Each structure stands twice: as structure tokens, then as C-alpha cells.
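J.: Letter by letter, the chains look like this.
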Amino acid sequence: DGVAALPAPQNLSVHSTNMKHLLMWSPVVLPEETVYYSVEYQGEYESLYTSDIWIPSKWCSRTEGPECDVTDDITATVPYSLRVRAILGSQTSAWSILEQPFNRNSTILTPPGMEISKDGFHLVIELEDLGPQFQFLVAYWRREPDTKEHAKVVRKGGIPVHLETMEPGAPYCVKAQALVKAIGRHSAFSQTKCVEVQGEALPL
Amino acid sequence: EFQFGPCQVEGVALPRLWEAFRTMKDTVQAQDNITSIRLLQREVLQNVSDAESCYLIHDLLKFYLNTVFKNYHRKIVELKMLPSFSTLANNFLFITSKLQPSKNETLSASDSAHRRFLLFKRAFKQLEIEVALTKAFGEVDILLTWMGKFYRL
Numbered sequence: 001d002g003v004a005a006l007p008a009p010q011n012l013s014v015h016s017t018n019m020k021h022l023l024m025w026s027p028v029v030l031p032e033e034t035v036y037y038s039v040e041y042q043g044e045y046e047s048l049y050t051s052d053i054w055i056p057s058k059w060c061s062r063t064e065g066p067e068c069d070v071t072d073d074i075t076a077t078v079p080y081s082l083r084v085r086a087i088l089g090s091q092t093s094a095w096s097i098l099e100q101p102f103n104r105n106s107t108i109l110t111p112p113g114m115e116i117s118k119d120g121f122h123l124v125i126e127l128e129d130l131g132p133q134f135q136f137l138v139a140y141w142r143r144e145p146d147t148k149e150h151a152k153v154v155r156k157g158g159i160p161v162h163l164e165t166m167e168p169g170a171p172y173c174v175k176a177q178a179l180v181k182a183i184g185r186h187s188a189f190s191q192t193k194c195v196e197v198q199g200e201a202l203p204l
Numbered sequence: 001e002f003q004f005g006p007c008q009v010e011g012v013a014l015p016r017l018w019e020a021f022r023t024m025k026d027t028v029q030a031q032d033n034i035t036s037i038r039l040l041q042r043e044v045l046q047n048v049s050d051a052e053s054c055y056l057i058h059d060l061l062k063f064y065l066n067t068v069f070k071n072y073h074r075k076i077v078e079l080k081m082l083p084s085f086s087t088l089a090n091n092f093l094f095i096t097s098k099l100q101p102s103k104n105e106t107l108s109a110s111d112s113a114h115r116r117f118l119l120f121k122r123a124f125k126q127l128e129i130e131v132a133l134t135k136a137f138g139e140v141d142i143l144l145t146w147m148g149k150f151y152r153l
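So the protein sequences, as listed, match chains A and B.
Residue 82 in my numbering sits at position 82 of the first sequence, and the numbers go up by one each step.
Residue 89 in my numbering sits at position 89 of the second sequence, and the numbers go up by one each step.
With the rest of the complex left out, here is chain B (with noise of 0.2 Å):
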């Protein structure tokens, strides 16, 4: 299970997760041609304290499915990766819905979170949208890397 600070999540593999982001890596990262520019900064990533977890966990989860699987679907169609892709969605959605960060947390630690997670949409915004699509996607197991500090077999 995931435990981002006080949110707890049971039900997903996170293995599951990593098996499903692997049969699609190398055809999406083979697509990104630059290589000098990552998303997910250590900056945004980096030293991520257990009470800012959970809600940098929720802004990112949500933008992913808002806005990069969304939007990459088609190309997803087109390689023909969707039951992969589905699994990956369907976890992500289901882990949003069971995330609740609390209210009063400290606002620092939301504040913090947030800031870290503009960070990862302002580089995201600065590309051309095919672009920061792709290089979204193609991050995600960075995000699955930072993901497995929280998780507890």
C-alpha cells in the first residue's frame, strides 16, 4: 500500500504499475528528442517531506490524468499501447479518488507542495504541447520511481 504521509492507499501493485509503464518506455522515450530538459526536476521531487507528500502526489496524479493522458491518448491509440496505458490510467484515477490531504495540514506543507508541483507545470507549459506531451509520458517512471519511497509491500 501507499502511505503519502496521512494518506493511506490500499489496492494497487505498484510492481503492477511498473510492469505496465515498461511495455511502452522505450517506444515513448524513444520519441523525445530533448534530452536536456526534464519535467520532474529534482527540485520538485527532491527531499519531499511526508506532509507535502500527499498533496504533490494529488496535483500531479490529477494533471497527468487531466491533461497528459488525456491529451497523449490518441498517439497512445496509434501505437497501439492501450491496455498498458489503461492500467496505468485506471491505477492513477483510483489512487486520486482515495487521496484526501487534509485541510488542516499545516499550510506550509500544502503551500510547499504546491510550488514544487508549478515548478513541473511551468517547464511543462514551456514546451510545445506535443512535446511537453510526450516528455510527460515518458517521465512517468521518475514519477513511479518517487512513488515507490511511500510505498510498503
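With the rest of the complex left out, here is chain A (with noise of 0.2 Å):
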């Protein structure tokens, strides 16, 4: 029927930091035209035992920019095979695939951004909220001679947390590290962050 062909959206590929991942590939560029995009996904399961049928991603079944999240697709630690097909009007291009299956324990976790602060006395933290797969280990201490360190699990991101009662005379340290159970991880420590307290020791 004469129509050219529309061709199929390259270069797919996958970006995944802190459990959020985004497929992404270029765009099929046509003049004076919008092409949508329309995203499936199977997951191990689907590729072994029903390999013909694609799921469409919850949030991208026809979506304009050339990435979607498929964060709320991907919900198991197993390899998913993903592909786009650009969408102009009637028309509909072919299938492109992931060259390599997206796993998710292959996203890379940053150190988690924390706030330290006094309250009275109290060293308090907040993390960073990165989700509800997070949690975090919390490393903090006394800058003295001979300190020990002390670690806490916070289990939740975004809500302040006790650590300890300082006393003056030396500043408190703290650094966490982000933990992702789902994948069996941790990211690397962030820097250490201390604060101190002034003023007269409390009565014993």
C-alpha cells in the first residue's frame, strides 16, 4: 500500500538507580508528527512457561516520551525481557527488545543523603525517604580517643530518628548506608556528618 514502514525505536536500554528503573530508547523522529510508544514486559516465569504472551507496563501501554518507568513492572528479583514499538496513528512499528534481560538486583544504590540535627541534648537523623524497599544501617560514635561505634537499623526514610543523648565535650559522628532486602544489597556509606554540643555536662 505504498506507506513507508515505521521504524522500530533503537538503542533500548535500562536505568536503574536505587530500585527505580527507566527503559529508555531513541525516539522515531518524523517530521510534523507525534509518535506514541507502547512498552510490554515478561518476566522469567512468562519467558519459560508462556513465552508468546507480553504483559503491557502498567504505566506505558502508549506513552509520547522516548523512556518509561517500569518500576511498578519489575516485581521479582528474575530476569524480565523488555520492548517497545513506536505507534503513529494506525500504524504500529515493529517490536524492539532489550538486548539483555533487566534484572533488578543490578541497580545501583547511592549512599542515602541524611540530615543530622540537635534537639537539646538529642543527636537526631532523618534520611532520605527512597522508598518502601529501603532500609538503612546508621553508624555513629563519639570523636574521642578509644570511641566505640554504635549501629541502628532504621527501617523507614523521610521521619526523624533518635540516636543517642550527647553529652559536650566531643562531637557526635554518624554515616548511614542504604539496604535494599529485595536484592540482597547495601550502597556504600555516605560521608560522615557530626555535630556538637555545648554547655555543661548533664547531672548524673
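The set of hints was computed from the structure by calculation and includes no laboratory data.
From a predicted model like this one, the values you see are computed outputs, not experimental measurements.
Check each hint, because a few of them may be wrong.
Straight-line Cα separation of at most 27 Å, DSS-like style, residue types lysine-lysine; simulated pairs [unchecked claim]:
{"id": "1", "chain 1": "B", "residue 1": "Lys121", "chain 2": "B", "residue 2": "Lys70"}
{"id": "2", "chain 1": "B", "residue 1": "Lys149", "chain 2": "B", "residue 2": "Lys75"}
{"id": "3", "chain 1": "B", "residue 1": "Lys149", "chain 2": "B", "residue 2": "Lys121"}
{"id": "4", "chain 1": "A", "residue 1": "Lys156", "chain 2": "A", "residue 2": "Lys181"}
{"id": "5", "chain 1": "A", "residue 1": "Lys181", "chain 2": "A", "residue 2": "Lys152"}
{"id": "6", "chain 1": "A", "residue 1": "Lys20", "chain 2": "A", "residue 2": "Lys156"}
{"id": "7", "chain 1": "B", "residue 1": "Lys121", "chain 2": "B", "residue 2": "Lys75"}
{"id": "8", "chain 1": "B", "residue 1": "Lys121", "chain 2": "A", "residue 2": "Lys58"}
{"id": "9", "chain 1": "A", "residue 1": "Lys58", "chain 2": "B", "residue 2": "Lys25"}
{"id": "10", "chain 1": "A", "residue 1": "Lys156", "chain 2": "A", "residue 2": "Lys193"}
{"id": "11", "chain 1": "A", "residue 1": "Lys181", "chain 2": "B", "residue 2": "Lys62"}
{"id": "12", "chain 1": "B", "residue 1": "Lys75", "chain 2": "A", "residue 2": "Lys58"}
{"id": "13", "chain 1": "A", "residue 1": "Lys58", "chain 2": "A", "residue 2": "Lys118"}
{"id": "14", "chain 1": "A", "residue 1": "Lys58", "chain 2": "B", "residue 2": "Lys149"}
{"id": "15", "chain 1": "B", "residue 1": "Lys149", "chain 2": "A", "residue 2": "Lys181"}
{"id": "16", "chain 1": "B", "residue 1": "Lys62", "chain 2": "B", "residue 2": "Lys25"}
{"id": "17", "chain 1": "B", "residue 1": "Lys149", "chain 2": "B", "residue 2": "Lys80"}
{"id": "18", "chain 1": "A", "residue 1": "Lys193", "chain 2": "A", "residue 2": "Lys148"}
{"id": "19", "chain 1": "A", "residue 1": "Lys152", "chain 2": "B", "residue 2": "Lys149"}
{"id": "20", "chain 1": "B", "residue 1": "Lys25", "chain 2": "B", "residue 2": "Lys125"}
{"id": "21", "chain 1": "A", "residue 1": "Lys20", "chain 2": "A", "residue 2": "Lys148"}
{"id": "22", "chain 1": "B", "residue 1": "Lys98", "chain 2": "A", "residue 2": "Lys181"}
{"id": "23", "chain 1": "B", "residue 1": "Lys80", "chain 2": "B", "residue 2": "Lys62"}
{"id": "24", "chain 1": "B", "residue 1": "Lys125", "chain 2": "A", "residue 2": "Lys20"}
{"id": "25", "chain 1": "A", "residue 1": "Lys193", "chain 2": "A", "residue 2": "Lys118"}
{"id": "26", "chain 1": "B", "residue 1": "Lys98", "chain 2": "B", "residue 2": "Lys62"}
{"id": "27", "chain 1": "B", "residue 1": "Lys70", "chain 2": "B", "residue 2": "Lys98"}
{"id": "28", "chain 1": "B", "residue 1": "Lys25", "chain 2": "B", "residue 2": "Lys149"}
{"id": "29", "chain 1": "A", "residue 1": "Lys20", "chain 2": "B", "residue 2": "Lys80"}
{"id": "30", "chain 1": "A", "residue 1": "Lys118", "chain 2": "A", "residue 2": "Lys152"}
{"id": "31", "chain 1": "A", "residue 1": "Lys118", "chain 2": "A", "residue 2": "Lys148"}
{"id": "32", "chain 1": "A", "residue 1": "Lys156", "chain 2": "B", "residue 2": "Lys149"}
{"id": "33", "chain 1": "A", "residue 1": "Lys58", "chain 2": "A", "residue 2": "Lys20"}
Footprint (simulated), chain A over chain B, 3 or more residues, beta carbon under 8 Å [claimed, not checked]:
{"id": "34", "segment": "20 to 26"}
{"id": "35", "segment": "65 to 74"}
{"id": "36", "segment": "85 to 96"}
All C-beta atoms, glycine included, are put in the ideal place defined by N, C-alpha and C.
Two independent chains are provided; combine them into the complex using the hints.
T.: Here it is in C-alpha cells:
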């Protein structure tokens, strides 16, 4: 019928950081046309048992941008195949399939953001809220010779957590790392932050 | 994580599996008309020792993957429940891939676990296949409840 075939999207890749998975591809560019895209996925189960069945992505069954947040589609720590095709009016391109299946255990884990504060003599930490899959290991110590490092698991970011009641005379230092049980991995430690309280030591 | 006796499995969030099954539960269980029969009977899952648990969960999940899910999939497509089904199936697949029931555990534990599994399988085989598939899939909540005894946040 003489209609040029709609080109398929190229250069598919997944960029995954802190368990947020973004499928990206090179856009199909047609002058004065808006090209849409459709994304589908298969987990390892589908690849093994029902390989002809693909599941439409939750957020990108018809999307404009050359990217798709597939975080809600990837719900197990197994390899996932992903594919994209272009849509223009009634025309659809061939499917392009991600070359290597993606497994969420390859996500990049960054040291968590953290804020340290003093509430009177209390040492308080608030960690970045990275979502329900994240816990945090917090290490804290009083910076003086022969000091002992303490550790605490914080199960949720975004809320202030009391670590210790401080005494004047030496700074208290804190660092934290993110833990993701779903993939059995943790991030590097954040930079250390220290605070100090002034004034008289508390009466015993 | 799960600790089925000697078998530890990290990387699965049980609440996520419940969330997935709950979106399918009412639809599937509504199609199970034989309420007098239960495949995952008390004798299958009650008083399971730690030593047995790894064998039993391995047998049960393999059966669910290779028989129940595989043959009930067409119904799942019809009922438009693929995403939730996919979450369940891929996590069951992940769990089974991590389970390594040890060979040198006491023979009695694996035998006892296998006898429990055969109770379940025999009950399944006694039903017409479509009825059995619907009932078994509908009983995933019983399975998840039992798995919860071996789960730690």
C-alpha cells in the first residue's frame, strides 16, 4: 500500500538507580508528527512458560516520551525482557526488544541523603525517603580516643529518628548506608557528618 | 526473608505477594463452587517441622509453577489479571531457584514432607482438571499464610 513502514525504536537500555528502573530508547523522529510508544514486559516465568504472552507496562501502554518507568512492572528479582514499538495513528512499528534481560539486582545503590540535627542534647537523624524497599544502617560514635561505634537499623526514611543523648566535650559523628533486602544488597556509606553540643555535662 | 528450616531465601517481599493475590482472590474464589473440599488440607500444612518445611515448600511451589499456573494461565488472560499473576509466578520461580533442600538431611524429614505433598496432589487429581486448577489457585492464600510462618521482615 506504499506506506513507508514505521521505524522501530532503537538503542533500548535500562537505567536503574535506587530501585527505580527507567527503560529508555532513541526516539523515532518524523517531521510534524507525534509518535507514541507502547512498552510490554515478560518476567522469567513468562519467558519459560508462556513465551508468546507479553504484558503491557502499567504506565506506558501508550506514551509520548522516549522513556518509561517500569519500576511497577519489575516485581521480582528475576530477569525481565522488555520491548517497545512506535505508534503513529493506526500504524505500528515492529517491536524492539531489550538486548539483555534486566534484573533489578543490578540497580545502582547510592549512599543515602541524611540530615543530622540536635534537639537539645539529643542527636537526631533524618534519612532520605527512598521508598518501601529501603532500610538503612546508621553508624554513630563520639569522636574521641578509643571510642566505640554504635549501629542502628532504621526501617524507614523521611522521619526523624533519635540516635543518642549527647554530652558536651566532643563531637558526635554519623554515617549511613542503604539496605535493600529484595535484592540482598547495600549501598556505600554516606559521608560522615558530625555535630557537637555546648554547655555543661548533664547531671548524673 | 524466608527461613524454611535450613533453607534461607532473601529477596522476596511477602506483603507484595499478598497484594498481588488479593487483586485476584475474589474473582478466582467466586468460581470455586465445591466449598466442601480443600486441597491444602490440615494434614498437609499443620505441624510441619523446620526440617520438613524446605522439602514441602519446594514440592508445592514446583507443582504450582509447573501444573497450576501453567494450565490456569489461559483463564488468567481471560480475566485480565496478568500483572498480578506475573508478580506471583515470578516470585514463586525466584523462591524455588533459591531453595536447596539438602541431600544429607534426615531421610525421614524428606519422606514425611513428600507424604504431605502427595496428600495435596492426590486431592488435586481426584477433581476434574478445571475444577482442580481453580480450587488450587484459589487456595494460594492458604499457601501464603503458611509461608508467612517462615518469614521475617
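J.: None of the hints should be skipped; say for each whether it holds.
T.: Evaluation of the provided hints:
For a cut-off of 27 Å, the pair hint linking Lys121 (chain B) to Lys70 (chain B) stands: about 16 Å separates their Cα positions. Under the criterion of a C-alpha separation no larger than 27 Å, the hint pairing Lys149 (chain B) with Lys75 (chain B) is inconsistent with the structure, at around 30 Å. Taken as a hint, the Lys149 (chain B) and Lys121 (chain B) pair is honoured in the structure, with Cα atoms around 22 Å apart against an allowance of 27 Å. Using a Cα cut-off of 27 Å, the hinted pair Lys156 (chain A) and Lys181 (chain A) holds, with the two alpha carbons roughly 13 Å apart.
Using a Cα cut-off of 27 Å, the hinted pair Lys181 (chain A) and Lys152 (chain A) holds, with the two alpha carbons roughly 16 Å apart. Distance check on the hinted pair: Lys20 (chain A) and Lys156 (chain A) sit about 17 Å apart at the alpha-carbon level, within 27 Å; holds. For the proposed pair Lys121 (chain B) and Lys75 (chain B), the alpha carbon gap of about 21 Å is at most 27 Å, so the pair holds. About 35 Å separates the Cα atoms of Lys121 (chain B) and Lys58 (chain A), which puts this hinted pair outside 27 Å; it is violated.
Pair hint Lys58 (chain A) plus Lys25 (chain B) holds up; C-alpha atoms about 20 Å apart against a cutoff of 27 Å. For a cut-off of 27 Å, the pair hint linking Lys156 (chain A) to Lys193 (chain A) stands: about 20 Å separates their Cα positions. Note on Lys181 (chain A) and Lys62 (chain B): the hinted pairing holds, with a Cα-Cα distance of about 24 Å set against a maximum of 27 Å. Simply put, Lys75 (chain B) and Lys58 (chain A) have alpha-carbon atoms about 20 Å apart, close enough for the 27 Å limit, and the pair holds.
With a C-alpha separation of about 43 Å, the suggested pair Lys58 (chain A) and Lys118 (chain A) falls outside the 27 Å cut-off, and the hint is violated. Taking the CA atoms of Lys58 (chain A) and Lys149 (chain B), the gap is about 32 Å. The hint is violated against a cut of 27 Å. Between Lys149 (chain B) and Lys181 (chain A) the alpha-carbon distance is near 18 Å, which keeps this suggested pair within the 27 Å criterion. Distance check on the hinted pair: Lys62 (chain B) and Lys25 (chain B) sit about 21 Å apart at the alpha-carbon level, within 27 Å; holds.
Under the criterion of a C-alpha separation no larger than 27 Å, the hint pairing Lys149 (chain B) with Lys80 (chain B) is inconsistent with the structure, at around 31 Å. Taking the CA atoms of Lys193 (chain A) and Lys148 (chain A), the gap is near 17 Å; set against the 27 Å cutoff, the hint holds. Our distance criterion of 27 Å between C-alpha atoms is met by Lys152 (chain A) and Lys149 (chain B), whose separation comes to about 26 Å. For a cut-off of 27 Å, the pair hint linking Lys25 (chain B) to Lys125 (chain B) stands: about 22 Å separates their Cα positions.
For the hint linking Lys20 (chain A) to Lys148 (chain A), the alpha-carbon distance of about 36 Å lies beyond 27 Å, and the restraint is violated. For the proposed pair Lys98 (chain B) and Lys181 (chain A), the alpha carbon gap of about 15 Å is at most 27 Å, so the pair holds. This hinted pair checks out: Lys80 (chain B) and Lys62 (chain B) have alpha carbons roughly 24 Å apart, not beyond 27 Å. With a CA separation close to 43 Å, the supplied pair Lys125 (chain B) and Lys20 (chain A) exceeds the 27 Å bound.
Note on Lys193 (chain A) and Lys118 (chain A): the hinted pairing holds, with a Cα-Cα distance of about 12 Å set against a maximum of 27 Å. As the CA atoms of Lys98 (chain B) and Lys62 (chain B) are separated by approximately 12 Å, the hinted pair is consistent with the 27 Å bound. Restraint check for Lys70 (chain B) and Lys98 (chain B): satisfied, since their Cα atoms lie roughly 20 Å apart, inside the 27 Å limit. Between the alpha carbons of Lys25 (chain B) and Lys149 (chain B) the distance comes to roughly 21 Å, so the proposed pair stays at or under 27 Å and holds.
With a C-alpha separation of about 26 Å, the suggested pairing of Lys20 (chain A) with Lys80 (chain B) holds against the 27 Å cut-off. For the hint linking Lys118 (chain A) to Lys152 (chain A), the alpha-carbon distance of about 18 Å falls within 27 Å, and the restraint holds. Taking the CA atoms of Lys118 (chain A) and Lys148 (chain A), the gap is about 20 Å. The hint holds against a cut of 27 Å. Restraint check for Lys156 (chain A) and Lys149 (chain B): satisfied, since their Cα atoms lie roughly 24 Å apart, inside the 27 Å limit.
A distance of roughly 14 Å separates the Cα atoms of Lys58 (chain A) and Lys20 (chain A); the hinted pair therefore holds under the 27 Å criterion. Remark: the segment 20 to 26 of chain B is not confirmed as covered by chain A, as 1 of its residues place a Cβ nearer than 8 Å to a Cβ of that chain, below the required three. For the segment 65 to 74 of chain B, the stated coverage by chain A is satisfied: 4 residues place a CB nearer than 8 Å to a CB of that chain, which reaches the threshold of 3. Chain A is given as covering the segment 85 to 96 of chain B, and this holds because 8 residues of the stretch bring a CB closer than 8 Å to a CB of that chain, at least three being needed.
Checked against the numbered hints given earlier, the structure breaks hints 2, 8, 13, 14, 17, 21, 24 and 34 and satisfies all the rest.
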